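K.L.:
Keeping the supplied structure of chain C fixed, place chain A with the ligands upon it in accordance with the hints.
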Amino acid sequence: MTALLEVDGLRVAVNGGAVVLDDLSFSVARGETLAIVGESGCGKSVTSLAIMRLLPPALRLTGGAIRFDGADLATVSPTRMRDLRGRRIGMIFQEPMTSLNPGLRVGEQIAEVLRIHEGLSRAAAWRRAVELLDHVRIPDPARRAMEYPHRLSGGQRQRVVIAAAIACRPDLIIADEPTTALDVTVQAQVLELLKSLQREIGSAVILITHNLGVVAQTADRVMVMYAGRKVEEGAVAAIFDDPRHPYTSGLLRATPDPTRPRPARGVLHEIPGMVPRLGARASGCAFRPRCARAVPRCAEGVPPLLATNSGLAACLFAQEGAAA
Amino acid sequence: MTPRARRIARFLARRLAQGVALLLCIAVLDFALLHAVPGDAADAIAGEAGTADPGYVATLRHQLGLDQPLPVQLGLYLGRLAQGNFGYSFRYGQSVASLILERLPATLLLMAASIGFAVAASLVLGTLSARFANRWPDRLITLVTLFFYATPLFWFGLMAIVLFGVHLGWLPTGGMYDVARPRTGLAFALDVARHLVLPAFTQACFFLAIYTRLVRTSMLQAYGSDYVRFARAKGVGELRIALRHVLRNALTPLVTMVGLNLGTLLGGAVLTETVFSWPGIGRLMYDAVFQRDVNLLLSILVLGSVIVIVANLLVDMLYAALTPAVELR
Ligand SMILES: Nc1ncnc2c1ncn2[C@@H]1O[C@H](COP(=O)(O)OP(=O)(O)O)[C@@H](O)[C@H]1O
Ligand SMILES: [Mg+2]
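Which chain is which? The protein sequence lines are C and A, in order. Per our numbering, the very first residue in the first sequence carries number 1; after that it's consecutive. Per our numbering, the very first residue in the second sequence carries number 1001; after that it's consecutive.
Any given hint might turn out to be false.
Claimed, not checked - If you anchor each label on the Cβ, the simulated ranges turn out as follows:
(1) C:Asn15 - A:Val1162: 42 to 50 Å
(2) C:Glu118 - A:Asp1226: 22 to 30 Å
(3) C:Pro57 - A:Ala1013: 44 to 52 Å
(4) C:Ala71 - A:Ala1193: 52 to 60 Å
(5) A:Asp1226 - C:Pro256: 27 to 35 Å
(6) C:Leu54 - A:Thr1151: 57 to 65 Å
(7) A:Asp1226 - C:Ala71: 25 to 33 Å
(8) A:Ala1193 - C:Leu278: 53 to 61 Å
Stated by the list, open to error - Derived, one-sided and incomplete: chain A residues facing chain C with beta-carbon distance under 7 Å:
(9) Tyr1227
(10) Arg1232
(11) Lys1234
(12) Asn1249
To be verified - One-sided and incomplete, this derived list gives chain C residues near chain A with beta-carbon spacing under 10 Å:
(13) Leu84
(14) Arg144
(15) Tyr148
(16) Ile201
The hints are simulated quantities; they were obtained by calculation from the structure and are not laboratory data. This structure is a prediction, so every number in the text was calculated from the model and none was measured. Just so it is clear, CB atoms sit at the ideal spot from N, CA and C, and this is done for glycine as well.
Here chain C stands alone, though its shape is the one from the complex (with noise of 0.2 Å):
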């Protein structure tokens, strides 16, 4: 089976310097769920900005392919690229509370995806995004959909955009960090939401996340980046059994998850030091510095990905055994 979205080589730099994703390469099937993890700062949301043809103007795509059901989005036309966007894959970002515009009733911001993918008229349109409204699970809908985002909770808002992005019932749903600035029982909810959507529309999800609880909840296969790159990538399950990068190792040391079985259950690790600045990363093995395993071998280019157990992982040492 074709994959829905493979993308191969990927890279973006900041305008004539620092390289932000180096050579990432993945790919997500029809209806699956793929978790992107990794620490801030690793390059999760450039990559979902950088599928989206959306990246800021700072940055730029320096090369490699974005192939989204047969087009090459990275160098498909601005108006094919605005056509599939909304309507073939549907972005959620972080932060409910400015994703919407304050000056736009909330009905109008779903009913306007539906009058330009679809050609609603005015009251079709906004007939479908009460129902929306309804569908994501906002009380009283007819009523919310004339309110303005300042009179909604987060937790709302957030549905608010949920329903937007899939009112066209895309093939893929891209959450870049959905409930991260949520309160931890609406992240749930919301989170619980987003799923059985995506049961019901059928559409893949590429879901961005540091938390390893939500990945092990929602995802089939988990990709783990470091400093622009991919480090480890795999089914969840096996992952989190047997990671064989010493920076997955480490996130999940540092995840407090009843679910998974861990040597000295109630210690929580901290990996070490810091995601390097741009710029400023290591030769060779990029986790090098933190790597409790580093040998100087590590300084001699970058480690390449190698099959695992679980799936493929960039360490010298992938393939000799459990991380330590």
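P.N.:
Relative to chain C, chain A with the ligands alone:
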């Protein structure tokens, strides 16, 4: 009544009460200020008539009611004001109300034209500036607006007269219309428009500069906002983004600023109208000062406050309409 209509009614009632109280303060203050200045209308008239005969001046003063104690004069003045009676101007031999009413349209026309021009031009220039941020069009616009900002209004007016009126002869340099022509129909309107160009432009320059910077900043902010990114992610086209998502939000700071500037603009009218001999109340006020026509001057000042208060109220309502998160209070 819907809750919203009730809120608006309550808001208007409160603002009206505030406005009246404010007006009263302004009237008293203006009265006190004008009477603190030495010399009165009687002195001025007598001086013009070339006599200093104390008997004549005293009679004049009695006729004008200027020999009464100040508090009495103030009370009489406020009483008349409350009845909408602005009194009589002895200089013009006309009631103040009719005098002002005669001149008001010219000033309102000039104000509206200069605000309209400043707002329209700043939207264009500010948008260009934002779209080409930090590139040469932006730098050029910044330079020009800085020049507008830093140049005194009267100098601008005089230079405009010299260049367009005297050297090039394109535009009339004074007055509001050509007295030799009939004052009816489209030809008259065009004639007034031609006379309006220089004073309106001169008056607008300073505000144009401020507004352009403001529009540039708020446009940049709106274009970099999360909601514009989200709109793009929905597949919204650039034109729709500009009109529906950016402009509206970029407009709110401009509306606020225009509201704040209305008083300044009215003050500036004195200068502009004098330079361009525009027959408005600014010019009338200028003349009233020199003729010690205290009554006329007071009425103009009070009327000016009324205009500013009413205009600010309108701006507040417009602002609330543009910004749903701001409730009228
Ligand atoms: N607009 C931008 N200009 C310059 N650098 C950027 C910009 N946006 C992101 N970056 C850089 O790209 C890297 C990845 O950022 P991002 O994708 O936002 O990380 P995250 O994984 O937390 O989502 C960071 O090092 C960040 O500094
Ligand atoms: Mg991010």
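K.L.:
State for each hint whether it applies.
P.N.:
Here is what the structure says about each hint:
1. Between asparagine 15 of chain C and valine 1162 of chain A the beta carbons are some 48 Å apart, a value that agrees with the proposed interval 42 to 50 Å.
2. A beta carbon spacing of about 25 Å between glutamate 118 of chain C and aspartate 1226 of chain A agrees with the range 22 to 30 Å that was offered as a hint.
3. A beta carbon spacing of about 49 Å between proline 57 of chain C and alanine 1013 of chain A agrees with the range 44 to 52 Å that was offered as a hint.
4. One distance hint, 52 to 60 Å for the beta-carbon pair alanine 71 of chain C and alanine 1193 of chain A, holds here, with the actual separation near 55 Å.
5. In this structure, aspartate 1226 of chain A and proline 256 of chain C meet the distance hint of 27 to 35 Å, their C-beta atoms being roughly 30 Å apart.
6. Range check, leucine 54 of chain C to threonine 1151 of chain A: about 43 Å between beta-carbon atoms, so the 57 to 65 Å window is missed.
7. Remark: the range hint 25 to 33 Å for aspartate 1226 of chain A to alanine 71 of chain C is upheld by a beta-carbon distance near 27 Å.
8. Distance hint check for alanine 1193 of chain A and leucine 278 of chain C: the Cβ-Cβ separation is about 57 Å, which falls inside the suggested range of 53 to 61 Å.
9. The interface hint given for tyrosine 1227 of chain A is met, as the beta carbon of that residue sits about 4 Å from the closest beta carbon of chain C, less than 7 Å.
10. Interface restraint check for arginine 1232 of chain A: the shortest CB-CB distance to chain C comes to about 6 Å, inside 7 Å, so the restraint holds.
11. Because the smallest distance between the Cβ of lysine 1234 of chain A and any Cβ of chain C comes to about 4 Å, under 7 Å, the interface hint for this residue holds.
12. With a least beta-carbon distance of about 6 Å to chain C, the hint placing asparagine 1249 of chain A at the interface is held under the 7 Å criterion.
13. Because the beta carbon of leucine 84 of chain C sits about 7 Å from the nearest beta carbon in chain A, less than 10 Å, this interface hint is met.
14. Violation of the interface hint for arginine 144 of chain C is found here, the shortest Cβ-Cβ separation to chain A being roughly 14 Å, above the 10 Å cut-off.
15. Interface hint at tyrosine 148 of chain C: satisfied, since its Cβ lies 4 Å from the closest Cβ of chain A, which is below the 10 Å cut-off.
16. At a threshold of 10 Å, the smallest CB-CB gap from isoleucine 201 of chain C to chain A is about 16 Å, leaving the interface hint violated.
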